[in-house]
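For reference, the chains in residue letters:
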Amino acid sequence: KQEVTQIPAALSVPEGENLVLNCSFTDSAIYNLQWFRQDPGKGLTSLLLIQSSQREQTSGRLNASLDKSSGRSTLYIAASQPGDSATYLCAVAYGQNFVFGPGTRLSVLP
Amino acid sequence: GAGVSQSPSNKVTEKGKDVELRCDPISGHTALYWYRQSLGQGLEFLIYFQGNSAPDKSGLPSDRFSAERTGGSVSTLTIQRTQQEDSAVYLCASSLVARANEQFFGPGTRLTVL
Chain A
1 KQEVTQIPAA LSVPEGENLV LNCSFTDSAI YNLQWFRQDP GKGLTSLLLI
51 QSSQREQTSG RLNASLDKSS GRSTLYIAAS QPGDSATYLC AVAYGQNFVF
101 GPGTRLSVLP
Chain B
1 GAGVSQSPSN KVTEKGKDVE LRCDPISGHT ALYWYRQSLG QGLEFLIYFQ
51 GNSAPDKSGL PSDRFSAERT GGSVSTLTIQ RTQQEDSAVY LCASSLVARA
101 NEQFFGPGTR LTVL
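Protein chains in written order, with our numbering: chain A, 1 to 110; chain B, 1 to 114.
Chain A on its own, in the form it takes in the complex (with noise of 0.2 Å):
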């Protein structure tokens, strides 16, 4: 079975700082892995897709990098700003579908 976590659980940041969330997953058998962010009491927009073939992508100031088989993917936010206040969440696809991780909750203060 699959089991995807995030960590950390929450993060707090001044503006402009770079920051690095981190997901797992323990079975390395996925066919891509996706970044989402989530507002509060909003649907999901997708960030970023990485394939599994693929080792990182990148838009903007965005960059989310795929070790499969350690299971691990990290999304690096460069110049962090207010905007970027929201859940982030990483999903693999598996199997039939995907499955979630909890999310990473990420307040940028001014």
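It is possible that some hints are incorrect.
Said to hold, decoys possible - Below 30 Å or equal to it, Euclidean Cα-Cα: the simulated DSS-like pairs (lysine-lysine) are:
| no. | chain 1 | residue 1 | chain 2 | residue 2 |
| --- | --- | --- | --- | --- |
| 1 | A | Lys-42 | B | Lys-17 |
| 2 | B | Lys-11 | A | Lys-42 |
| 3 | A | Lys-42 | A | Lys-1 |
| 4 | B | Lys-17 | B | Lys-57 |
| 5 | B | Lys-57 | B | Lys-15 |
| 6 | A | Lys-68 | A | Lys-1 |
| 7 | A | Lys-68 | B | Lys-57 |
| 8 | A | Lys-1 | B | Lys-57 |
| 9 | A | Lys-42 | B | Lys-57 |
| 10 | B | Lys-15 | A | Lys-42 |
| 11 | B | Lys-57 | B | Lys-11 |
For the record, the hints were derived by calculation from the structure and aren't laboratory data.
Put chain B on the given structure of chain A with help from the hints.
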């Protein structure tokens, strides 16, 4: 449409009543997923449709829950005889093809059972 849409955005119902939640996926997406997010909990997979194949119902919590997808497009999640523990946000997502592609989520339906 431009994205995944869900209706209603909010639903308040009394215990024991039936409810129907609707999801319109992105046009052309063959895979459709339903998830449930309870307060303070992660996303819980409910059911998955892929094209004309039989749906994967392995995540449905009880036989009070059912879903259908008509014409490979719109999907309806039905909860019969609602209970207070059914209160949650129900999220729908679609992707071009199952697993290999990005999932795109709708805004969700917040269900409150009194």
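Legend entry - Agreement of Lys-42/A and Lys-1/A with the hint, judged by alpha carbon distance not exceeding 30 Å: This hinted pair holds, its Cα atoms lying about 29 Å apart.
Inset, instruction - Mind checking the alpha carbons of Lys-57/B and Lys-11/B for me, to see if they're no more than 30 Å apart? - result: It holds: about 23 Å lies between the C-alpha atoms, which stays within 30 Å.
Inset, instruction - For the pair we were handed, Lys-42/A and Lys-17/B, check the Cα-Cα distance against 30 Å. - result: Distance of about 26 Å is within 30 Å: holds.
Legend entry - Pair hint Lys-15/B and Lys-42/A, alpha-carbon separation not exceeding 30 Å: This hinted pair holds, its Cα atoms lying about 25 Å apart.
Inset, instruction - Starting from Lys-68/A, check that the Cα of Lys-57/B is at most 30 Å away, please. - result: holds, 28 Å
Inset, instruction - Below or equal to 30 Å on CA atoms is what counts here, so check Lys-68/A against Lys-1/A. - result: holds, 16 Å
Legend entry - Lys-42/A paired with Lys-57/B [C-alpha distance capped at 30 Å]: Distance ~25 Å between Lys-42/A and Lys-57/B Cα, so the pair holds.
Legend entry - Hint consistency between Lys-17/B and Lys-57/B [alpha-carbon to alpha-carbon, up to 30 Å]: Since the Cα atoms of Lys-17/B and Lys-57/B sit roughly 22 Å apart, the hinted pair holds (cutoff 30 Å).
Legend entry - Lys-11/B paired with Lys-42/A [C-alpha distance capped at 30 Å]: Given pair Lys-11/B, Lys-42/A holds - Cα atoms ~15 Å apart, limit 30 Å.
Legend entry - Restraint check for Lys-57/B with Lys-15/B, where alpha carbons must lie at most 30 Å apart: Holds - the C-alpha atoms of Lys-15/B and Lys-57/B are around 24 Å apart, at most 30 Å.
Legend entry - Restraint status (C-alpha distance of Lys-1/A to Lys-57/B at most 30 Å): holds, 17 Å
Checked against the numbered hints above, the structure violates none of them.
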